[in-house]
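S.K.: Spelled out, the chains give:
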Amino acid sequence: NAGVTQTPKFRILKIGQSMTLQCTQDMNHNYMYWYRQDPGMGLKLIYYSVGAGITDKGEVPNGYNVSRSTTEDFPLRLELAAPSQTSVYFCASSLQGARAFFGQGTRLTVV
Amino acid sequence: KNEVEQSPQNLTAQEGEFITINCSYSVGISALHWLQQHPGGGIVSLFMLSSGKKKHGRLIATINIQEKHSSLHITASHPRDSAVYICAAGGSQGNLIFGKGTKLSVKP
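The listed protein sequences correspond, in order, to chains A and B.
Counting from 1, one number per residue, gives the positions in the first sequence under the numbering used here.
Counting from 1001, one number per residue, gives the positions in the second sequence under the numbering used here.
For the record, the hints were derived by calculation from the structure and aren't laboratory data.
Heads up, a few of these hints could be off.
Claimed, not checked - In silico DSBU-like links for lysine-lysine, alpha-carbon gap of 35 Å or less:
1) B:1055 with B:1103
2) A:57 with B:1107
3) B:1054 with A:9
4) A:14 with B:1068
5) B:1100 with A:9
6) A:14 with B:1054
7) B:1054 with A:57
For reference, chain A alone in the conformation it holds in the complex (with noise of 0.2 Å):
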């Protein structure tokens, strides 16, 4: 049982390139989200999705974007990347009303 699977697990990009994070389940948990972590602070929700075909903005949702075809997958995808989105950011899983599984994260430098 893989639990949550992210890759890659560190990336370097140039300003404007884009990229997509990639983000699989084997748990058949419905719910997924995407979060980011900057020095110093928490945790901040992108997006989240309650089941396939169903997405939703979080917190900071601005200069990403998301999709959700199968219960598996959830890829998280920068377009026209820029420094302030260099971050390291974690997927997560869960069963509604139940506690969270993390991916081990992506370490990502906008340079």
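Starting from the known structure of chain A, arrange chain B on it as the hints suggest.
M.R.: Chain B alone, transformed into the frame defined by chain A:
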């Protein structure tokens, strides 16, 4: 004012000491979560509680809904408990509002 406040921000303890980390929140919640973030960065859920008290090994979490306050206790602390402990308020969609974390260092 942050919606979820933790104290202290940093905590250094000697092995064997009893440790308490506090969390206050100002939002409505469906549950209060305690998480542990290891030095390598991974995040693990420790507790999810909506009332009363939960215990797992040497860890105890309590919540007072009326006062909007929760505590995480570690009994007989050990150097392997060194980590960042994060309190998070859980919303109705399962989304979490996080505190900034408490960095715990337990010295042998």
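S.K.: Hints the structure violates: just list their numbers, smallest first.
M.R.: 2, 4, 6
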